[in-house]
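Colleague: Now for the letters of each chain:
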Amino acid sequence: MSKSLIIIILLFMFSVSTSKACNDIALSFLGKKEMDEVYVKVNMSKTKKEKITVLENLAEEYMSFNKFDYAISVYNEILKLKWISKKQRFKYYVKLGDIYAIKRNYVFSIENYKKALSLYKKDIYVRIKIGDMFLKSRLYDLAENAFIEALKIDKNSNAVKKGLGDVFYEQDFYSKAVNYYNKIEYKDYDKETIIKVATCYQNLNKIDEAINILKIFAKPEETELIFFMGLLYMDKSEYNKAKALFLSLIENGVKNFKLCIYLAYIYDLQGENEQAKKMFDEVFKMNPSCAVVNYILAEINYKMGNLNESKKYAKKAYSKANTIFMKAQTQKLIKFLNERAS
Amino acid sequence: MGLTLILIRKITTLSFICLLSFFLVYSSYASVFDFDEDDFFLEALWHRVKLISKEKRPKVALVLGGGGARGISHIGVLRVIEKEHIPIDLVVGTSVGSIIGAFYCAGLSVDKIDELAKNFSFKRVSNFNSLSLINMFLNQKLLSNQKLESFINDNIGQICFNELKIPLVCIATDLNTGERILLRDGNVAFAAKASATVPGVFKPVEYKQRYLIDGGLFENIPVNVAKIFDADVIIAVSAAADITKNNVDNVFFTLVQAIYIQGQVLDQYNLEMADIVIRPDVGSLSIIDFSKSYNTINKGFIAAQNSVKNIKMVIINKTPEKYLIE
Chain A
0 MSKSLIIIIL LFMFSVSTSK ACNDIALSFL GKKEMDEVYV KVNMSKTKKE KITVLENLAE
60 EYMSFNKFDY AISVYNEILK LKWISKKQRF KYYVKLGDIY AIKRNYVFSI ENYKKALSLY
120 KKDIYVRIKI GDMFLKSRLY DLAENAFIEA LKIDKNSNAV KKGLGDVFYE QDFYSKAVNY
180 YNKIEYKDYD KETIIKVATC YQNLNKIDEA INILKIFAKP EETELIFFMG LLYMDKSEYN
240 KAKALFLSLI ENGVKNFKLC IYLAYIYDLQ GENEQAKKMF DEVFKMNPSC AVVNYILAEI
300 NYKMGNLNES KKYAKKAYSK ANTIFMKAQT QKLIKFLNER AS
Chain B
0 MGLTLILIRK ITTLSFICLL SFFLVYSSYA SVFDFDEDDF FLEALWHRVK LISKEKRPKV
60 ALVLGGGGAR GISHIGVLRV IEKEHIPIDL VVGTSVGSII GAFYCAGLSV DKIDELAKNF
120 SFKRVSNFNS LSLINMFLNQ KLLSNQKLES FINDNIGQIC FNELKIPLVC IATDLNTGER
180 ILLRDGNVAF AAKASATVPG VFKPVEYKQR YLIDGGLFEN IPVNVAKIFD ADVIIAVSAA
240 ADITKNNVDN VFFTLVQAIY IQGQVLDQYN LEMADIVIRP DVGSLSIIDF SKSYNTINKG
300 FIAAQNSVKN IKMVIINKTP EKYLIE
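Chains as they are written, first to last, in numbering that gives the first Met the number 0: chain A, 0 to 341; chain B, 0 to 325.
These are calculated hints, taken from the structure and not from any lab test.
All C-beta atoms in this analysis are idealised placements derived from N, C-alpha and C, irrespective of residue type, glycine included.
Check before you lean on any hint, since a few could be wrong.
[Claimed, not checked] Reference listing, derived: stretches of chain A covered by chain B, where coverage requires no fewer than 3 residues with Cβ under 8 Å from a Cβ of chain B:
| no. | stretch |
| --- | --- |
| 1 | 73-82 |
| 2 | 111-125 |
| 3 | 137-146 |
| 4 | 193-205 |
| 5 | 239-251 |
[What the hints assert, rightly or not] Computed, partial: chain B to chain A, Cβ under 10 Å:
| no. | residue |
| --- | --- |
| 6 | 35 |
| 7 | 42 |
| 8 | 83 |
| 9 | 324 |
[What the hints assert, rightly or not] Computed spacing ranges between beta-carbons, pair by pair:
| no. | chain 1 | residue 1 | chain 2 | residue 2 | range |
| --- | --- | --- | --- | --- | --- |
| 10 | B | 288 | A | 252 | 55 to 65 Å |
| 11 | A | 314 | B | 317 | 16 to 26 Å |
| 12 | B | 145 | A | 236 | 43 to 53 Å |
All chains should be modelled from the sequences, with the hints used to inform the complete structure.
Modeller: Here it is as structure tokens:
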């Protein structure tokens with residue numbers, strides 16, 4: 000008899016907790032039909048774990064349909080449940096932080112990450128996320144502090160070193176940025192980091208170092224890195240090396256406007272007028288409304304003695320020019336060509 | 000059915016993670032393949048300017064203003080000038096601008112000047128210490144900055160103005176007559192020292208029966224002087240104080256503020272004559288705070304980076320077309 004009574008009491012408690020769980024969840028943003036469906040699923044859940052799973056799945060489903068605000072509401076409702084564990088609470092605060100990050104609402108993102116951090120103060124990943132959010136908000140001092148705090152927890156964390164590098168990179172403080180990037184092991188470099196390190200060196204006028212870092216990582220399929228290397232060789236006026244790299248990209252099927260125009264430009268710089276003209280004609284076909292292409296074709300035609308063609312391209316360049324500077328320069332060119340004609 | 004649901008759940012979770020990763024790892028660097036027509040046009044024309052001989056292109060003057068520790072930012076500016084191959088035909092300096100100008104015009108690399116600035120201390124360039132300060136206040140015995148002259152000589156050699164790689168003019172003030180004195184012959188280190196002799200702190204420098212003090216008293220940003228020397232393009236670097244942040248809660252600082260206000264009016268007039276004004280964000284830095292040189296230099300670098308396009312455009316605009324194309 001006593002055993003049966005205990006079971007009845009337990010069942011009663013269970014049913015109370017089930018309805019309480021339903022009462023706790025105010026999913027009022029849902030339509031009535033949807034709400035009923037959710038409540039049915041929650042009611043059918045036998046354990047708290049199952050209830051959470053139902054609600055988590057609902058949130059994830061909203062995420063998959065980019066209904067971020069609905070997902071946020073579901074997680075917020077879950078967080079109101081007093082019986083969820085600290086670990087779960089941490090997880091949901093982080094999820095909320097991540098969703099707000101997607102929505103680019105960095106203030107709320109940071110707020111939720113901080114709530115997560117208050118539960119597990121030594122969590123380095125949340126600190127890194129906070130640093131990233133401050134960085135995206137351009138609050139560089141706060142970002143730096145967040146990353147420094149993360150570094151105290153794990154001084155070997157490459158993500159933190161990268162974060163600190165980014166903080167200084169965004170402020171054009173290239174010497175400090177590269178100091179942090181250089182602390183990351185090469186095997187943990189991603190493409191973004193490689194390009195940023197090379198950019199730092201380029202801005203510090205250390206072109207050789209920039210080229211060296213790209214050489215380490217530039218496999219044939221890394222077209223961006225190879226192109227960047229070519230641009231750096233151009234900075235050093237080593238046009239043959241730049242040309243070789245650009246031609247290798249074209250041979251590998253890369254057909255990019257900037258690549259073609261720079262290759263054409265190298266021919267022009269080296270005085271290979273015929274080749275330059277041919278290449279610029281190709282570039283012209285890719286984008287006939289590009290003023291600078293018309294301008295350079297005007298110059299090349301002038302150098303080749305084709306004054307009329309030159310004037311034609313110069314006038315086109317003027318009509319396509321979209322800045323005061325470009326208009327002024329093309330006007331100067333037209334005036335110069337007219338003087339030559341007379 | 001159960002398996003299908005599990006699969007759907009996993010796919011949606013994965014999609015969420017991918018979406019999140021995309022946004023969180025959102026790169027702040029532009030793709031190297033992104034083409035900027037204006038940048039390319041500017042670089043194409045700039046390349047031509049670099050190839051033109053000195054006689055055919057515009058004459059470019061760099062004016063380095065005074066400002067004590069704030070003037071360390073000039074080094075960041077020089078770094079950008081060097082990186083972008085901006086030709087400098089004349090440097091005009093006041094006070095710290097003269098010192099840095101002397102180093103630059105003598106041919107010291109920017110890295111070397113940077114290193115000197117980062118290792119700078121008052122003890123290296125003067126007899127500045129607590130005892131001499133007490134002596135100064137009690138016995139009205141001004142400090143000596145003879146060590147500054149030695150410091151400059153040690154780094155560039157005991158050279159004269161005609162041995163410099165780039166012409167330099169140092170601005171000083173005659174203490175007795177208030178005249179502006181242009182120093183452009185004789186020993187370079189001596190001239191730079193005279194230009195940086197702070198009145199009331201260091202002994203005036205005796206020169207041809209005159210007593211010279213800091214050129215900033217007359218002209219802190221000597222754009223006028225660059226005009227006298229027929230510069231076609233004048234790039235002025237202003238390391239002026241932000242006077243709104245100055246302390247004015249005692250007699251001494253109020254007098255100092257009064258001097259700053261007067262100087263600011265003259266500076267503004269001068270700056271209007273410059274083609275390009277570079278203003279490193281150093282206004283809140285103290286004139287004697289050399290401890291933050293790393294950041295100060297970088298502020299000069301950032302300010303100059305932001306002005307590079309304008310500098311190039313101005314020089315290109317003043318270059319005759321025939322030299323660009325032929």
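Colleague: Taking the hints in turn, state whether each one holds.
Modeller: Now the hints, each set against the structure:
1. 73-82: violated (count 0)
2. 111-125: violated (count 0)
3. 137-146: violated (count 0)
4. 193-205: With 6 residues close enough to chain B, the hint holds.
5. 239-251: violated (count 0)
6. 35: holds (9 Å)
7. 42: holds (9 Å)
8. 83: At about 9 Å, which falls below the 10 Å cut-off, the nearest Cβ of chain A leaves the hint on residue 83 of chain B intact, so it holds.
9. 324: holds (6 Å)
10. B:288 with A:252: 55 to 65 Å: Since the Cβ atoms of residue 288 of chain B and residue 252 of chain A sit about 57 Å apart, the hinted range of 55 to 65 Å holds.
11. A:314 with B:317: 16 to 26 Å: At 24 Å between Cβs, range holds.
12. B:145 with A:236: 43 to 53 Å: holds (45 Å)
The structure is inconsistent with the numbered hints 1, 2, 3, 5, although it conforms to all the rest.
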